[in-house]
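Q: Position chain G relative to chain Y; hints supplied.
Sequences listed follow chains Y and G, in order.
The first sequence begins at 1 in this note's numbering and counts up one residue at a time.
The second sequence begins at 1 in this note's numbering and counts up one residue at a time.
In short, the hints are calculated from the structure, not lab data.
Treat the numbers as computed from the prediction; the structure is a model and nothing was measured.
Possibly wrong hints are sitting among the right ones.
Identical chains share a label here; the pair holds if one copy fits it or two copies do between them.
Here are the simulated DSS-like cross-link-like pairs (lysine-lysine), alpha carbons at most 27 Å apart as the crow flies [what the hints assert, rightly or not]:
| # | residue 1 | residue 2 |
| --- | --- | --- |
| 1 | K65 | K53 |
| 2 | K54 | K65 |
| 3 | K54 | K83 |
| 4 | K54 | K3 |
Protein chains: 2
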Amino acid sequence: MAKLDLTLDLCFATLGDPTRRRILQRLARGDASVSELAEPHDMALPSFMGHLKKLEEAGLITSAKQGRTRICTLSPDAFLPAKSWLGEQDEIWEGRLDRLDDYVTNLMNERAK
Amino acid sequence: MAKLDLTLDLCFATLGDPTRRRILQRLARGDASVSELAEPHDMALPSFMGHLKKLEEAGLITSAKQGRTRICTLSPDAFLPAKSWLGEQDEIWEGRLDRLDDYVTNLMNERAK
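For reference, chain Y alone in the conformation it holds in the complex (with noise of 0.2 Å):
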């Protein structure tokens, strides 16, 4: 529980970023370098380096040498624990809706009697 609760603090809080959003939607469509990610930000290159380390942290892209070049990639179940995290919620509440339509239409067929 500790454990997840860790991975969906880091994943939650990397997203809470729009530059980091940005390089995620990029990456989405295809593996990119460095300099091809940091092209459309208007930012120095090491606060642009800080925003990929915060991503590779939380698990959400990983990148790799190629030369002198270095490949970012989305991890293919980068947004699996904030999904699941998320669709949960969804559950509870759907839960609690069919427990309030259960309700009402019990205290109906008593009314009806």
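A: Frame of chain Y; chain G shown alone:
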């Protein structure tokens, strides 16, 4: 776009904390007073109130006074921006796999000629 970015920043950053996620999970089951919400958390009340404030600022919950009690409610569309963003990434990713599939099929058809 900038407004959606701010919404997503706030939403994801707010979800990046286990106490806040637990409050949301509790509220998915139904409305609760501040003291009911605080009870399972081993935390000073001012710190706990700080988490509630962040959840309210991010539009994830609302709260209203009922007599001397403050009742918190999960916003029905609380997770919609986060879920939409994650869903978009899946679509981009799947589109990419479809294109790869087309490419391989074409290549094999060309070779078969």
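Q: Run every hint past the structure and note whether it holds.
A: Taking the hints in turn, this is what the structure says about them:
Taking the closest pair of Cα atoms, K65 and K53 come within 27 Å of each other only inside a single copy of the chain (15 Å); across copies the shortest separation is 44 Å, beyond that limit. In this assembly of identical chains, the alpha carbons of K54 and K65 lie at most 27 Å apart only when taken from the same copy (18 Å versus 40 Å across copies). When the C-alpha separation of K54 and K83 is checked against a cutoff of 27 Å, the pair qualifies both within a copy, at 19 Å, and between copies, at 21 Å. Within a single copy, K54 and K3 get their C-alpha atoms as close as 18 Å, and across copies as close as 24 Å, so both meet the 27 Å cut-off.
Hint compliance for this structure: no hint is broken.
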